[in-house]
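Visitor: For the sequence shown, the residue numbers in mature numbering (1 follows the signal peptide of the UniProt record, and there is no 0) are -28 to -1, 1 to 346.
Treat the hints with care, since some could be wrong.
[Said to hold, decoys possible] Cβ-Cβ distance ranges computed for the label pairs, FRET-style:
no. : residue 1 : residue 2 : range
1   : 131       : 332       : 35 to 41 Å
2   : 334       : 78        : 27 to 33 Å
3   : 26        : 81        : 24 to 30 Å
4   : 255       : 79        : 39 to 45 Å
The hints are simulated quantities; they were obtained by calculation from the structure and are not laboratory data. For glycine and all other residues, C-beta sits at the position ideal for the given N, C-alpha and C.
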Amino acid sequence: MLKKFAIGAAGLATFVGGAALVVPQAEAAAETVPATVTVGEGYHLNVRSEANGDAAVRSMFPDQSVIELHCRTEGSSAEGPRGSSSNWYGVRGGGFVAGAWLDQEPEMTACGDSAAPMFGVTATGFGGSVNVREGASADSRALASVADGGRTEAECWVQGTSHTNDAGRTSDWWLRTAEGFMSEAFAELDATASSTLPICGEGGAPEQPAPEDPGAGEGEYPFHGQFHLPFANGTEVPVTQGPYGSFSHNNANNFHAVDLALPLGTPLLATGPGIIKVASDRGDGYGNTVYIDHGDNRCTQLAHMNSIGVSVGDRVQTGQYVGELGTTGQSTGPHLHWNIVACDGYVSLETPNTVEAGTNYVEGTSIVSQNPGA
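Can you build the whole structure from these sequences, using the hints too?
Guide: Dropping the structure here:
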C-alpha cells in the first residue's frame, strides 16, 4: 500500500534508506542563507546529486525544515507553490535542492566545482539500519537512515548523549552529516577521517539524561534484541513482498516493510516487548493499525488488521495477542504489512531483524515462526 506521497520535477517524498550516493559537492559560499522547505505537511524535499529533478536522490528534508543554502545554480525547471523555477541551491554536505520548494530564492554566489571537506563514513548497524537524527541525541527525531554497511559523509564531530551499540561499545560523540547526526557508536570512519575530522564549531543537542524506563512488565525497554515473527510458533508464513518491493515498498514510509500473507483472522502477536502507542485506523491508508513502541523512537507497525485487541498505553510482551490479520485500508487482500518505523513520524527506519529470518525476506518464500506465543 502507499501512504501520502507525490513525485514531481523536484522528486518529493522519496528517500535514501540504503547506501549514500557519492556525488559532486556544491561549493560552500562565504555566507549562507537560511530558507524554509515548503512542500506541504507530510511531504519531503529531496536533495539531488545534480541540479536536475531526474538526478539521484542523496537525502531529504521534511516540510518546514530550515536549511542552509550555500550557493545557487541553474538547473531543470521545477513547479512549486510559487510557480515554476529553474533555481537550484547547494546545501551543506553536497547536493542540490529545487528553489521552487523553498520560501525564498535568494541571489547567491554561483556554485563551483570545489567543496568543503567531507569525510567518508560506513554505517555499522549490526544487521539493521542506522538512524540519522535531528540532534546529537538518541532521543532526537529520526530524519533518515543508512543501511548497515551503507556509506555517507561527515563534516565534523559534536559531543552529545551517550549511545551504546550492540557490541557494548559506548560513545557520546556524534558525526554531523548532510542529513543530520549519526552516533559514532554505529559508524566507522575511513582511516584518513579518524585523525583529521574536526570538532564542529557549533550545533548538536545538549547532553540529556537517558529516559526513565516506563515499565514494560518483564520485557526489556528500550528493546534492542531480535524480534520474532508476529504469528504463533510453528506457523509457516509466506512472504508476498519484501523490503524495497516495487509494488508499494518504494517510498519513505515503506522502504523496509515486509508483507506476509495468511488467512483473514489469523491471530497477530507482539514481536517484542513494548508499549502500545497507536491502536486504531488513522485514516492514512494502513487501515486498522497497531504501533508498538520499543523505545529509542522505534515502533513496530502492524497494519491492515481485521480487528485490534489492545489499547493505547498497554504494555505487551513478545508473543502477546494484539489482534487479527486483515485487509483494511488500502489493501489488495488479507495480509500483514509489517515495518519498523520512527514513532514520531512513521518514516520507515529498518527491516525487522528476526530470530527466524534476520533481515532476509525473499518474495515467494516462506518462514516458520518461532514466536513463543500461542
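Visitor: Please flag the earlier hints that this structure goes against, numbers listed from lowest up.
Guide: 2
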